[in-house]
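Here is how the chains run, residue by residue.
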Amino acid sequence: MLNRRELLRRASWLTGGALAAPAMLAILQSCQEEAKASFEPTYFTPAEAAFVTAYVDTLLPRTETPGGLDVGVDRFIDKVMAAAGPRVDTPGDFGSGIRAMEEEASKLHGRAFAELDLAQRGELFAAAEERSARYNPQVWGTAVGEQPPIDFYRSFKSMVLWAYLSSETIATEVLNYDPVPGEYNGDIPLSSVNGRAWSL
Amino acid sequence: MANYNIDADKALTYDVIVVGSGISGGWAAKEFTEKGLKTLVLERGRIVKHVEDYPTMNLDPWDMELRGGLTPEEKDRHYKGGRSGFIGKDTEHFWANDRENPYTEEKPFLWIRAHQMGGRSLLWGKQTYRWSDIDFEANAKDGHGVDWPIRYKDLEPWYTYVEKFAGISGSAENLKQLPDGHFLPPMDLNVVEKSVKERIEKNHPGRKMIIGRVAHLTEPLNGRGTCQYRNRCSRGCPYGAYFSSNAVTLPAANATGNLTIRPFSIVQEVIYDEKAGKATGVRVIDAETSEVIDYKAKIIFLNASTLSSTQILLNSKSSRFENGMGNDSGELGHNLMDHTYRVGAVGQVEGFEDRYYKGRRPNGIYIPRYWNIDRESQSDKFVRGFGFQGGAGRGGSRAAANRAEFGAEYKDSLFAPGPWEFFITGFSECLPYHSNEVKLNTDVLDKWGQPTLTINAEWGDNERALNDQAQADATEMLEQAGLTNIVSFNNQHEMGYGIHEMGTARMGRDPKTSVLNGWNQIHAVKNVFVTDGACMTSSACVNPSLTYMALTARAANYAVSELNKRNI
Numbered sequence: 001m002l003n004r005r006e007l008l009r010r011a012s013w014l015t016g017g018a019l020a021a022p023a024m025l026a027i028l029q030s031c032q033e034e035a036k037a038s039f040e041p042t043y044f045t046p047a048e049a050a051f052v053t054a055y056v057d058t059l060l061p062r063t064e065t066p067g068g069l070d071v072g073v074d075r076f077i078d079k080v081m082a083a084a085g086p087r088v089d090t091p092g093d094f095g096s097g098i099r100a101m102e103e104e105a106s107k108l109h110g111r112a113f114a115e116l117d118l119a120q121r122g123e124l125f126a127a128a129e130e131r132s133a134r135y136n137p138q139v140w141g142t143a144v145g146e147q148p149p150i151d152f153y154r155s156f157k158s159m160v161l162w163a164y165l166s167s168e169t170i171a172t173e174v175l176n177y178d179p180v181p182g183e184y185n186g187d188i189p190l191s192s193v194n195g196r197a198w199s200l
Numbered sequence: 001m002a003n004y005n006i007d008a009d010k011a012l013t014y015d016v017i018v019v020g021s022g023i024s025g026g027w028a029a030k031e032f033t034e035k036g037l038k039t040l041v042l043e044r045g046r047i048v049k050h051v052e053d054y055p056t057m058n059l060d061p062w063d064m065e066l067r068g069g070l071t072p073e074e075k076d077r078h079y080k081g082g083r084s085g086f087i088g089k090d091t092e093h094f095w096a097n098d099r100e101n102p103y104t105e106e107k108p109f110l111w112i113r114a115h116q117m118g119g120r121s122l123l124w125g126k127q128t129y130r131w132s133d134i135d136f137e138a139n140a141k142d143g144h145g146v147d148w149p150i151r152y153k154d155l156e157p158w159y160t161y162v163e164k165f166a167g168i169s170g171s172a173e174n175l176k177q178l179p180d181g182h183f184l185p186p187m188d189l190n191v192v193e194k195s196v197k198e199r200i201e202k203n204h205p206g207r208k209m210i211i212g213r214v215a216h217l218t219e220p221l222n223g224r225g226t227c228q229y230r231n232r233c234s235r236g237c238p239y240g241a242y243f244s245s246n247a248v249t250l251p252a253a254n255a256t257g258n259l260t261i262r263p264f265s266i267v268q269e270v271i272y273d274e275k276a277g278k279a280t281g282v283r284v285i286d287a288e289t290s291e292v293i294d295y296k297a298k299i300i301f302l303n304a305s306t307l308s309s310t311q312i313l314l315n316s317k318s319s320r321f322e323n324g325m326g327n328d329s330g331e332l333g334h335n336l337m338d339h340t341y342r343v344g345a346v347g348q349v350e351g352f353e354d355r356y357y358k359g360r361r362p363n364g365i366y367i368p369r370y371w372n373i374d375r376e377s378q379s380d381k382f383v384r385g386f387g388f389q390g391g392a393g394r395g396g397s398r399a400a401a402n403r404a405e406f407g408a409e410y411k412d413s414l415f416a417p418g419p420w421e422f423f424i425t426g427f428s429e430c431l432p433y434h435s436n437e438v439k440l441n442t443d444v445l446d447k448w449g450q451p452t453l454t455i456n457a458e459w460g461d462n463e464r465a466l467n468d469q470a471q472a473d474a475t476e477m478l479e480q481a482g483l484t485n486i487v488s489f490n491n492q493h494e495m496g497y498g499i500h501e502m503g504t505a506r507m508g509r510d511p512k513t514s515v516l517n518g519w520n521q522i523h524a525v526k527n528v529f530v531t532d533g534a535c536m537t538s539s540a541c542v543n544p545s546l547t548y549m550a551l552t553a554r555a556a557n558y559a560v561s562e563l564n565k566r567n568i
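Chains A and B are the protein sequences, given in the same order.
Counting in our numbering, the first sequence runs from 1 upward without gaps.
Counting in our numbering, the second sequence runs from 1 upward without gaps.
Pulled out of the complex, with its shape left as it was, chain A reads as follows:
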């Protein structure tokens, strides 16, 4: 797990912090027939992949700008996780984090996360937001201050945001892309760059 955790941290979000990991294998298995991921997972099980796809689509839906699925956030996360080494299920990893979310979906609504409507998903998010610690600020790539453990929910959200904003489409077509600024100007109107951030 260490390698995966290190890899995740390098990409500027944190994993760690244990969520209870009850045995929800039966529920996950029952979901597998209905699983509708947008990709063929390498790392995730089909049911987990369906969760990831649904989660990404809920957090970052398509509007006038591309959504998370449009830029392949779900499949990219699967790729990153697969590249981080062989899967070892331990408390606090993404597998058990997803299981816990699915357990809650099942308990409250009797269905898998991917089959909930938007309001029901929002309900689950609200509960998770309630109990999930926040990231401390970083200085030069490392969290500072007393950083409480970051659970699956927050680290997964952070990972999805990173995967989205670092995608070529968002970075070059939606955000301001300037690989060679050529100068430093410490005071420009935000309006001069359409109110949007630099991507790099």
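Hints in this document: simulated from the structure, not taken from any laboratory.
Since we're looking at a predicted model, the values are computed, not measured.
For each residue, glycine too, the CB sits at the ideal point set by N, CA and C.
Check the hints yourself; a few may be wrong.
Sample of chain B residues lacking proximity to chain A, with all beta carbon distances greater than 12 Å (derived) [what the hints assert, rightly or not]: (1) H93; (2) N101; (3) I150; (4) G181; (5) E201; (6) E437; (7) V444; (8) Q480.
With the Cβ distance kept under 8 Å, some of the chain A side facing chain B (calculated, not the full set) [stated by the list, open to error]: (9) T65; (10) E168; (11) N185.
Use these hints to put chain B onto chain A, whose structure you have.
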């Protein structure tokens, strides 16, 4: 670029051998070759040619398979160095392999190494500050360590000399604790930094907040281009805009025709001739073939990096020097120092929502030391002092992950820059403690079957007291400047995180208590010089690289004059 001559002639006796090609070794090579001396630079890693060996210099995140993330195999090669938080796919190839080059931490110590031509000059932070006499006199005044054999006036012309060639941007401030140098135009503070500067300097008379002084070109120099504000420095700069051996000193040395640089050459020891009373050369293991080769020279400069130069001396045993060359004092390997790291405060700055910046400035702000610089600023809690680095910028996706929303509006809000954040983090001076030491470890051998180093070092009470003050001061400065959501921090990193390791072969006036004299010569072996961080007698609180450059140029020119006088 011209090719480097990498075919060292075994039979040939060189005028000079320089061990290592990093910041100080590059300077030694330049000085000697320009003086007409045939110079052999021994580099333990591979050749890294400027520009053509910077494979990642233009990659965007999506050009990399994992957008900068490392595979487990890559991670494993840096299982120690990774602690720094700096190693990603974009620079992984410039950090040493920890598996092939083990070291033992008796107490936790992060030893960052870079085993290729250019060494850590490719990866350094480029903050460049002169020391002042407050620093050079400190040991003599408060009694910690031994007195420096030199003062600011000895080094001042050499600071100017290296600054003119390296290219240092900065602002003249007329501060006695931080002497001005020969500066290219300073980089700009951004709008929020300017505002915070005003507030801090108004609230705290005697404290200054300035733009960092850095080895980045803000004007063209000697054919090198200016900084393009990409902030991809550690991958190697295609414009040659920051100072590295690869872009600056080694090409200059190469242009003389007097340079041979032999890669994959791990120097094991300096060979001592009892009769002559001096060194005759060095013994090398070829990293690729494991062949053992001796090279000879009249002058030997050790620039392998602080701990590696000391390791070579510890391993250079003879009947004259049973405990390592130049170790008559018993101080070789002792008095290891670093700077403390990540202690300060971070907060948000209200307002300025409609302001932004263009360019990714590879630099930040600096708050020079203000404790113990005169009678008024004396502390009763600690000696010496600290300075702060920091900066202001607008936050990104990390802050967004903390927000509870989701969906369309949330997504669209991600495209705007986040709130303004400002941080400062202190670098405290570390005293030279005899008990902070490195020694040879013959139980743990490296890939080539050679002894490794055991490091046994830790912060003392004075560093802890400095850090407590730095944290309190940082928090107070941000609070009084009206920042919000302030997080005060002291990450309590072990030694080594500053990547400013210094000492272990210190300069001094007395051969009984020091390894090197005021010219960086080993007291008892006059043709061996150490001019990297190992030579440092104290650590000051400012970044040390500029001082290594100046000491090296000074010592090299002295060595040439001594050679000409037939004194060595």
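Hints the structure fails to honour: none
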